[in-house]
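If you're matching them up, the sequences are chains G and S in order. Residue numbers for the first sequence follow UniProt numbering, beginning at 1 and rising by one. Residue numbers for the second sequence follow UniProt numbering, beginning at 1 and rising by one.
Among these hints, one or two may not hold up.
To be verified - Below, a sample of chain S positions facing chain G; criterion: calculated Cβ distance under 7 Å:
#: 1; residue: N44
#: 2; residue: G45
#: 3; residue: S49
#: 4; residue: K53
#: 5; residue: G108
#: 6; residue: R120
#: 7; residue: D124
What the hints contain is simulated information worked out from the structure, not anything from laboratory work. Note that the Cβ used here is the ideal one computed from N, Cα and C, for glycine as well.
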Amino acid sequence: MANSTSALPAHPPRPGALRAFVSKPEFGPLVLLVGMIVVFTSINPAFLSLTNIGNALTFTVELGFIALAMTLLMTAGEFDLSVGSVFGFAPVVMWTLVNTGTMPLGLAFLVALLLALGIGLISGLFVTRLAIPSFLVTLGMLLVVRGTALWLTDGFPQRTWNAGEQWLAQVLVGEICMGGEGVGCAGGLRIYMSLIWFAIIAVAFHYLLTGTRFGNWIQATGGNPGAARNRGVKTGRVKIILFMLSALLAAFAGAISSIRVSAANPNSGTGYELEVIAMVVIGGTVLTGGRGTIVGTVLGVLILRLMRNGIVMIGVPGLAYNIFIGAIILGMMALHSGLERRHNPGT
Amino acid sequence: MAGANGDILVDMRNIEKSYGGVHALRGVNLSIRRGEIVGLLGDNGAGKSTLIKVLSGAVPYTSGEIVIKGRPVRMRSTLDAIANGIETIYQDSALVPQLSIARNLFLGRELRKGPRFLDRLDLDRMNGVAAELLRRVGISKNIPPTTPIGSLSGGERQAVAIARAMYFESDLIILDEPTNNLGVAETQGVLRFVREARDTGHSCVFIAHNIHHVFQVVDRIVVMRRGTIVSDDLSPRTSSIQEVEDIITGEPVAA
């Protein structure tokens, strides 16, 4: 009989600090982002100007809100195709209520967010109780919500031009001028409040995912639902909460966008769901669940938006944008899959 | 032998289970004492897998009674089983590969600190306990508790699952084919963890196709055939592997 006190075979040495950093899912997107900034700036130095950074960051965050919530949802193993519709639907409801004199903007904003929570709840219940894949449930929800927005408005945009004087508008998208002068914030960095909201939510979600019990449950729900359930984790409840969170942030982003551009178009947000999912997976979150990174998603959001901004600034026709995005997605997936195989054999 | 005549931990009485018209279990009576390792053997379809699923709460039984520590209990889910001190370790299905060893150990029972509603994981304490447990089951070498489960070997994963059952004071640990797909050294490691669990007062039910592994570790062998227990007091010290194999296949035992 073999010596039963012998320990298990010795493990291969663990990677050092540098290799550990390289093997992190955020490493690839970070290198890409830095590379993009270097290339764009060397071709057109105006890329790094304060005006351009201010502009790029403004457009960045509206999709970014949705991407942050989608990161948590995808870590739990589901995704939501209806976010683009909710992005268009929520402001349409909000401004319809305001314009018909039904209620003030603040209340209408809350009603729109509550409706979004309801949409998320329904999607979540369909996915968890009826065990229908989230692809099909949220595809159906996409059409229902978009159709409702179009039907409510007869397809016409809603007026929003009295938004400027509202306190809510200031809180959500008020301008902050750093170091500049005058109406156009000449010579300074002009940012909107929405960027600050984005930063707050990003930090909060990062902390939620990595430092709290709920975050542990999110990862377990996506990583091995059976094991999670066996340990008493209510995986269905985790998913429902995250579907509600994703709809909530889509509505929040839609409201912010409508105030900023002074238009609530029932068609706005079309196709956003795929761009958001692209941002999340480029950042290193796994489509099948279990592993997600908010830091990576912030990088992914910046990569896609700066790419859109940068290729125009260096003179590539804007219509070629999708070619670059597609290539980035393919390249990143190849990189992540290669790292996965090298660092986690047997997973 | 440890606990050979000790008190009874789990008593399954006249358990029946039928799927449609198929009788998977036909009135099974099985008692498990404290601190003993029971090896459950039987050919494919003998009902041993159904029996342990009943005991782990994964499958509802049609009739019969389960008494744990003298108290009749109703098992509706795996959570009921865990609440009653029964932990089942299935290969590869007990752990989350993406999470660290420490996070897996405490999954569902996370240690937290800070004020209510703003509480956060107490990762320092979780990692500390995990490192101590890994030392106890003897796989602490080079493996920090922050290592993801996915980069561990099969034997190391079993060890983590067993360590978890030991830490949370499970009275009974059920191991379903724990040595499948493991190398020789890893198998010896797992068998050592099972003995370690027994020596610290836990009972184990051990199922393995490899009868040699069973013989190395168990105190008592229970053999099932066609939904019933045909023998429940064989000892690996008094019976030979050949005798047990004959009982499993139903060959007349040579006198």
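Comparing the hints with the structure gives:
1. N44: With a minimum Cβ separation of about 23 Å from chain G (threshold 7 Å), the hint on N44 (chain S) is violated.
2. G45: It is violated, given that the least Cβ distance between G45 (chain S) and chain G is near 24 Å, above 7 Å.
3. S49: violated, 16 Å
4. K53: violated, 13 Å
5. G108: Holds, because the Cβ-Cβ distance from G108 (chain S) to chain G comes to roughly 3 Å (cut-off 7 Å).
6. R120: OK, holds: R120 (chain S) within 7 Å of chain G, min 5 Å.
7. D124: With a closest approach of 12 Å, the D124 (chain S) hint is violated.
Checked against the numbered hints given earlier, this structure breaks hints 1, 2, 3, 4, 7; the rest are met.
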